[in-house]
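Chemist: Going down the list, the sequences are from chains A and B.
Using the numbering used here, the first residue of the first sequence is number 1, and each one after it goes up by one.
Using the numbering used here, the first residue of the second sequence is number 1, and each one after it goes up by one.
Keep in mind that the hints are not guaranteed to be accurate.
What the hints assert, rightly or not - Okay, the calculated beta carbon distance ranges per label pair:
| # | chain 1 | residue 1 | chain 2 | residue 2 | range |
| --- | --- | --- | --- | --- | --- |
| 1 | B | 221 | A | 59 | 53 to 63 angstroms |
| 2 | A | 168 | B | 221 | 44 to 54 angstroms |
| 3 | B | 144 | A | 172 | 50 to 60 angstroms |
| 4 | B | 35 | A | 59 | 38 to 48 angstroms |
| 5 | A | 240 | B | 35 | 20 to 30 angstroms |
| 6 | A | 171 | B | 16 | 18 to 28 angstroms |
| 7 | A | 80 | B | 23 | 46 to 56 angstroms |
| 8 | A | 80 | B | 15 | 22 to 32 angstroms |
| 9 | B | 192 | A | 59 | 27 to 37 angstroms |
Since the hints were derived computationally from the structure, they do not count as laboratory data.
The C-beta atom is built at its ideal place from N, Cα and C for all residues, glycine as well.
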Amino acid sequence: MAAGHAHVLYREVDSPVHRLPPEVKIAAMVAFTIAVVATPREALWAFGAYALLVVAVAVLARVNARWLLLRSTIELPFVVFAVALPFLGVGERVDVAGLSLSVDGLYGAWNIVAKGTLGVWASLLLAASTTTRDLIVGLDRLRCPQILTQIATFMLRYLDVLVGEARRMRVARISRGDDPRFVWQLRGFAAGVGALFLRAFERGERVYLAMLSRGYTGRMPAVWQGAGAATTGQWLVAATVPVLAGAVAATAVVLT
Amino acid sequence: METLAMHISNGIINGPVAAVFAAIALAAMALCVLRGRQDLDDRLAPMAGLVAAFIFAVQMLNFPIFTAGVSGHLLGGALAAMLVGPWVGALCVAVVLVVQALVFGDGGVAMLGLNITNMAVIGIAVAYLVIALLLRVLPRTMAGLSITAFVSALVSVVVAAMGFVLQYQLGGTTDLGGNLSGLAGTMAVSHLFIGVGEGLITATTVVTVAKVRPDLVYALRALKPATPAPAPALGGVR
């Protein structure tokens, strides 16, 4: 397992955003997203303001635009759904370039694309600046029930176990004369899914028992040691983004 | 691996409806935390983590349904209900959804309540009801267990998909009018196919685990073991 349990989306650089404690980043991200979703969709300017906020945080976190845009493609299925809406929606229609489009559908499409994209950007920025270990520490400090953080810890830890076992089983199949190509390797994989699960469980159980025998009680050491928890100053710094977003949302609600 | 968003993203369902379902999800999760604590022992804790990791991995298998632009995917609810029980199972699915929303941008954070209600609450509840019913009716053989796993997975996937249609009817941001029944039909048919795939994966996994380590299958704990549990195979299963 990699040191610090970094995940694929984590960007290993040093920045003011990376140095913020995880709990304030999570809280800020959730508050920002709620402000964005609460904004009426007719207030086009508000979404521009949110985008500026995202860009500002991205620059501070030293996340480059290309990475952010490339990773945003995760949203693609919903963009396709959004494109269909102007054709499917009912009510008043307008003609654009010979096509009869529903006004409500057009706004709906805009609503999904704008709010969805801003939400994805916000979570990508959180992911880029926070390791998974920090994420769980942050959730624990936000008083998330211990049973949930415990399941989350094991989930992230066992993902590596699962991927590792799958790779070993694939190598074992190939070395016994299996010739996996494109879709056909799915058959071999499907037949081995149960075995993969058991092997991963037995390895995972040993990991768990090893942790227990070294004094694991269900929480990460960083949490009960209490070191590195957010100070009031850090909460205030991180609050700037959601507070600005909240102000924009309130103005948009009043204006429309 | 190409990953695509599959859960309800921000802006698809309006705020008030999302807030109502967030409250429902929160209440259901609070209940699960209380009941799940009693279930979670030294054997179930690593199993819960592995089930969550497994669900996380299979949810990456995504089938875009391009006719309506909606995508479907495996849910893993029946697998979780089978192996770790309904309470911890619902928590596992919820944890997967929270992590996906927070760090992968998959499913809007503001829409978490909707996603948790569909997949963790409805999906698991339906799956467990079907499991409880079928395990009583069907013979206690591996065939009976595999049919139980298959049917519960199939039913829970389709019902969870209908949860989305209901939510869209209550608070979809764009009025589709008569096209809503089209959306419902597309979701039902496509998730029927996904349910078959999910059923096969669930059945093979549960049967393999039940053969080697029947003590690990939560759904079998409630019943009296038909045969004494065989000693666990040493050194893995291969």
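Chemist: What hints, given by number in increasing order, does this structure fail?
Modeler: 2, 3, 5, 6, 7 and 9
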